[in-house]
Amino acid sequence: MNQKYLIPLTAVFLLFLIAYTGVEGAGLQWFFGIVFPYVAIIAFLAGFVYKVLGWASSAVPFRIPTTCGQQKSLPWIKQNTIDNPNTSTGVFVRMILEIFLFRSLFRNTKAAFNRNVSNRLSYSWEIFLWLGALAFHYAFLVTLLRHFRFFTSPVPSCIKFLEYIDGIVQLGLPGIMLSGVVLLAATLFLLARRIFDAKVTYISQAADYFPLFLIIGIAATGLAMRYFTKVDIIGIKTLAMGLATFSPTIPEGVGGLFYGHLFLVSILFAYFPASKLMHMGGIFLSPTRNMANNTRAKRHINPWNYDVETHTYAQYEDHFREKMVEAGLPVDKPLDKKE
Amino acid sequence: MSDEIKPDELLDKIDYGPRSESGSKSEPASWMDTSVQIRPGMYCYAAKAESVETLSLPNARPWNPLEDDWKLPDNWQEILHQGIKDRLEKFRTFKVFMDICVRCGACADKCHFFLGTGDPKNMPVLRAELLRSVYRNDFTTAGKILQKIPGGQKLNGARPLTLDVLKEWWYYLFQCTECRRCSVFCPYGIDTAEITIMGRELLNLIGLNIDWIATPVSNCFQTGNHLGIQPHAFKDMIDFFVEDIEEVTGVNVEPQMNIKGADILFITPSGDVFADPGTYTCEGYMILFKYLKDKYDLNVTWSTYASEGGNFGFFTSHETMKRLNAKMFAEAKRLGVKWILGGECGHMWRVINQYMDTMNGPADFLEEPVNPITGTKFENSKSTKMVHITEFTADLIKHGKLELDKSRNSNRIMTFHDSCNPARGMGLLDEPRYIIENCCDHFYEMPPNTIRELTFCCGSGAGLNAGENIELRMAGGLPRANAVKYVHEKFGVNTLGTICAIDRAALPTLCEYWVPEVEVYGIHELVGNALILPGEKKRTEDLRFEPLPGVEEEEDE
Numbered sequence: 001m002n003q004k005y006l007i008p009l010t011a012v013f014l015l016f017l018i019a020y021t022g023v024e025g026a027g028l029q030w031f032f033g034i035v036f037p038y039v040a041i042i043a044f045l046a047g048f049v050y051k052v053l054g055w056a057s058s059a060v061p062f063r064i065p066t067t068c069g070q071q072k073s074l075p076w077i078k079q080n081t082i083d084n085p086n087t088s089t090g091v092f093v094r095m096i097l098e099i100f101l102f103r104s105l106f107r108n109t110k111a112a113f114n115r116n117v118s119n120r121l122s123y124s125w126e127i128f129l130w131l132g133a134l135a136f137h138y139a140f141l142v143t144l145l146r147h148f149r150f151f152t153s154p155v156p157s158c159i160k161f162l163e164y165i166d167g168i169v170q171l172g173l174p175g176i177m178l179s180g181v182v183l184l185a186a187t188l189f190l191l192a193r194r195i196f197d198a199k200v201t202y203i204s205q206a207a208d209y210f211p212l213f214l215i216i217g218i219a220a221t222g223l224a225m226r227y228f229t230k231v232d233i234i235g236i237k238t239l240a241m242g243l244a245t246f247s248p249t250i251p252e253g254v255g256g257l258f259y260g261h262l263f264l265v266s267i268l269f270a271y272f273p274a275s276k277l278m279h280m281g282g283i284f285l286s287p288t289r290n291m292a293n294n295t296r297a298k299r300h301i302n303p304w305n306y307d308v309e310t311h312t313y314a315q316y317e318d319h320f321r322e323k324m325v326e327a328g329l330p331v332d333k334p335l336d337k338k339e
Numbered sequence: 001m002s003d004e005i006k007p008d009e010l011l012d013k014i015d016y017g018p019r020s021e022s023g024s025k026s027e028p029a030s031w032m033d034t035s036v037q038i039r040p041g042m043y044c045y046a047a048k049a050e051s052v053e054t055l056s057l058p059n060a061r062p063w064n065p066l067e068d069d070w071k072l073p074d075n076w077q078e079i080l081h082q083g084i085k086d087r088l089e090k091f092r093t094f095k096v097f098m099d100i101c102v103r104c105g106a107c108a109d110k111c112h113f114f115l116g117t118g119d120p121k122n123m124p125v126l127r128a129e130l131l132r133s134v135y136r137n138d139f140t141t142a143g144k145i146l147q148k149i150p151g152g153q154k155l156n157g158a159r160p161l162t163l164d165v166l167k168e169w170w171y172y173l174f175q176c177t178e179c180r181r182c183s184v185f186c187p188y189g190i191d192t193a194e195i196t197i198m199g200r201e202l203l204n205l206i207g208l209n210i211d212w213i214a215t216p217v218s219n220c221f222q223t224g225n226h227l228g229i230q231p232h233a234f235k236d237m238i239d240f241f242v243e244d245i246e247e248v249t250g251v252n253v254e255p256q257m258n259i260k261g262a263d264i265l266f267i268t269p270s271g272d273v274f275a276d277p278g279t280y281t282c283e284g285y286m287i288l289f290k291y292l293k294d295k296y297d298l299n300v301t302w303s304t305y306a307s308e309g310g311n312f313g314f315f316t317s318h319e320t321m322k323r324l325n326a327k328m329f330a331e332a333k334r335l336g337v338k339w340i341l342g343g344e345c346g347h348m349w350r351v352i353n354q355y356m357d358t359m360n361g362p363a364d365f366l367e368e369p370v371n372p373i374t375g376t377k378f379e380n381s382k383s384t385k386m387v388h389i390t391e392f393t394a395d396l397i398k399h400g401k402l403e404l405d406k407s408r409n410s411n412r413i414m415t416f417h418d419s420c421n422p423a424r425g426m427g428l429l430d431e432p433r434y435i436i437e438n439c440c441d442h443f444y445e446m447p448p449n450t451i452r453e454l455t456f457c458c459g460s461g462a463g464l465n466a467g468e469n470i471e472l473r474m475a476g477g478l479p480r481a482n483a484v485k486y487v488h489e490k491f492g493v494n495t496l497g498t499i500c501a502i503d504r505a506a507l508p509t510l511c512e513y514w515v516p517e518v519e520v521y522g523i524h525e526l527v528g529n530a531l532i533l534p535g536e537k538k539r540t541e542d543l544r545f546e547p548l549p550g551v552e553e554e555e556d557e
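So the sequence lines, in the order shown, correspond to chains A and B.
Going by the numbering used here, the first residue of the first sequence is number 1, and it counts up by one from there.
Going by the numbering used here, the first residue of the second sequence is number 1, and it counts up by one from there.
These are calculated hints, taken from the structure and not from any lab test.
Keep in mind that a hint or two might mislead.
[To be verified] Taking CB as the label site, the calculated pair distances span:
(1) B:I145 / A:Q3: 53 to 61 Å
(2) B:D164 / A:G253: 54 to 62 Å
(3) B:D164 / A:G175: 51 to 59 Å
(4) A:D318 / B:E246: 57 to 65 Å
(5) A:V331 / B:G400: 24 to 32 Å
(6) B:E368 / A:S88: 46 to 54 Å
(7) B:D164 / A:P75: 39 to 47 Å
(8) B:D239 / A:S88: 16 to 24 Å
(9) A:P75 / B:R544: 50 to 58 Å
Predicted model only: the values in this text are computed from it and were never measured.
Ideal placement from N, C-alpha and C gives every residue a C-beta, glycine not left out.
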């Protein structure tokens, strides 16, 4: 079991070291600062599009939403229009809630079996996975958006506003950005869950630990640069602006720690389309959530529907005619007199 | 039945911590290295060759899951590989669900089979991973690259499709009842039912069905229903109910069969005609139709050709489902009815609600369903033109069109089991409850985490209601039975209402095992007892020939 997380952990360390020593020792700033980030972004975009188009090219033969509430039925029965939508508006609301609030995960329960006392199975609300997941995703999003200050000049006011909100809790200098701290804490929680919850350990693959370690590595190097070691912000902004304007340059005085951070981010981007992280795109295409439960009211077309061989009534009657007549059941063709 | 596992022994086995096959909890081996052990009591017998032949499905031959040699075609790996490839293109669900699971574990303890057995491979995520591990190996770029590196496969959670893996698929895909409970909790809506459906479809490509599915399918194809009841026998059975009902009510409720030009074609699972307590539900339908005929001149016909509401083809392959389902529209067209009314059944309604119109429609030869008695338009079924009987009856009751004597059911202290498919593949939740409340005095809900869209399966759905897998069924039904037991102890519930024929077959056994004091009723049995037929005699017995509440005391006085 151990190698499932030891290998990814080692891999992330090695990746960081490669970039660090590559820059500090071999002077490969051009590779880790320019070539690989471009390669990673191209891989991300191309891979993402390829994957989504691949899903989209598969047919949706049946309209099979998972219904999680009362259907539209008789006029006096109250429909649950969100969890069992029959219109695209309802589906839209359902999808918004899924994508932005993880509504299904919010339902999560924990089962317990109380042997020998009551022999009762009980289910309690389990909110921590939802909380951890939500904290992680939003912290990641905010952190990502904040980084646009490096790629834009002048920095758009929305990014500044986001920074202002993110930094609203002020404890000492430099000002704490909540998102970065929450990101690290939430990923550590998700990791702890994988390691200490026996059921989750059992189902986990190396592919579950790798992105976690990668993001922990990214968050840790990022926090280290912001709060513990002084990095050359002006230099980094020059590099980022160079990348964004397709006129890349390598500034002087930016150290290995930054390149390590950038390399891990690049790896994350490049790895994204080939991994489970594609749930980001997949959630939009999940037929059990993004379809209306109205197949009885509005016919759904299966693009590959084909004719099948059936056992027709005529065949059936031919087989049973005598017995049917005897039992007084009506038949389409009268019984042959000779028989 | 004497060598059957005792309830206490079964409870002793439950442990939600992962464990190795030997039972020791220290450092369980990876699930990929734990090969399957097919254990009696947990699996269903193999499909009989002749049943597979009826529909000309592949690789019909006698075989035994316990033997090493499953008599597979030589190129079975190739067949499955091609089968997966085809399905990835034909079903977006399959492709997306193979790619996006993050193994968060939210589904893990939502499956009744996991809760009842503690077998980690019954966690929905792992059931799907059984297929995904092969998908990752054979169908992803990363998998193709990593399998060339030593240890790469393992790192990728991938493995080749070996005979061991195939046997594991078979064992665990027939330990899933396609109930969709896990799908409610999945943040991406990954539906294990869909995975199981694909998996079983693949297994059928090389002749690996179970007999409890294959033989009903074969029967249904040829004789019109799963149980293979021939037309004259079907009529005999109905006639027998007519006699019983006459004894109870004094009214002859003789139904119409195969009648052209009737208003409505009625189709229900053949289980309702065949075995108690479904038969009492069937009598309930017959009483209702007689009432509607006498009071409102509504003509409902039954059919012996389309005498099966259920569809075990659904548990075989999409194609088989379509072949069996075709009879409903074909018969409605032949008989020239206005629309179709469907009886109480679970998976039947998943098929009708989410598949039928797409597969075998458009039903342009039928009319948009209107209740001729109340004038209600059934807007939600205006294309498929098939209405659920609880929608129909609830509408009649709401408009005051049925005379009901609730007191005849006053000894029934009810709870209601939502069947998986009407709950999570349709959302038929309040209609049956409305009928219960109008036919019974006492109704108590089971705990909120076990009803409506969170309902627990009976443990015997999707073709698993056989005799030989009784341990699996009793374990899988435990979460349901446990909730029934709770309301039995708390409120004195003695009756479990349901709208599914498989439930009516499976739940009595389950209740006998876990909560012996609770009886299982179909909702229309309650209607049949409560409905006052024109010209009926004073009833003293219910449809089960048990004295009506209050009757014994009166006689004593």
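Here's how the hints hold up against the structure:
1. Checked against the hint of 53 to 61 Å, the C-beta distance between B:I145 and A:Q3 comes to roughly 19 Å, which is inconsistent with it.
2. In this structure the supplied range 54 to 62 Å holds for B:D164 paired with A:G253, their Cβ-Cβ distance being about 59 Å.
3. Distance hint check: the CB atoms of B:D164 and A:G175 are about 58 Å apart, consistent with the given range 51 to 59 Å.
4. With their beta carbons about 34 Å apart, A:D318 and B:E246 fall outside the hinted range of 57 to 65 Å.
5. Checked against the hint of 24 to 32 Å, the C-beta distance between A:V331 and B:G400 comes to roughly 41 Å, which is inconsistent with it.
6. Roughly 22 Å separates the CB atoms of B:E368 and A:S88, a value that falls outside the hinted 46 to 54 Å.
7. Checked against the given bound of 39 to 47 Å, the beta carbons of B:D164 and A:P75, roughly 56 Å apart, lie outside it.
8. Between B:D239 and A:S88 the Cβ separation comes to about 50 Å, which falls outside the hinted range of 16 to 24 Å.
9. In this structure the supplied range 50 to 58 Å is violated for A:P75 paired with B:R544, their Cβ-Cβ distance being about 35 Å.
Hint compliance for this structure: hints 1, 4, 5, 6, 7, 8, 9 are not met, and every other hint is.
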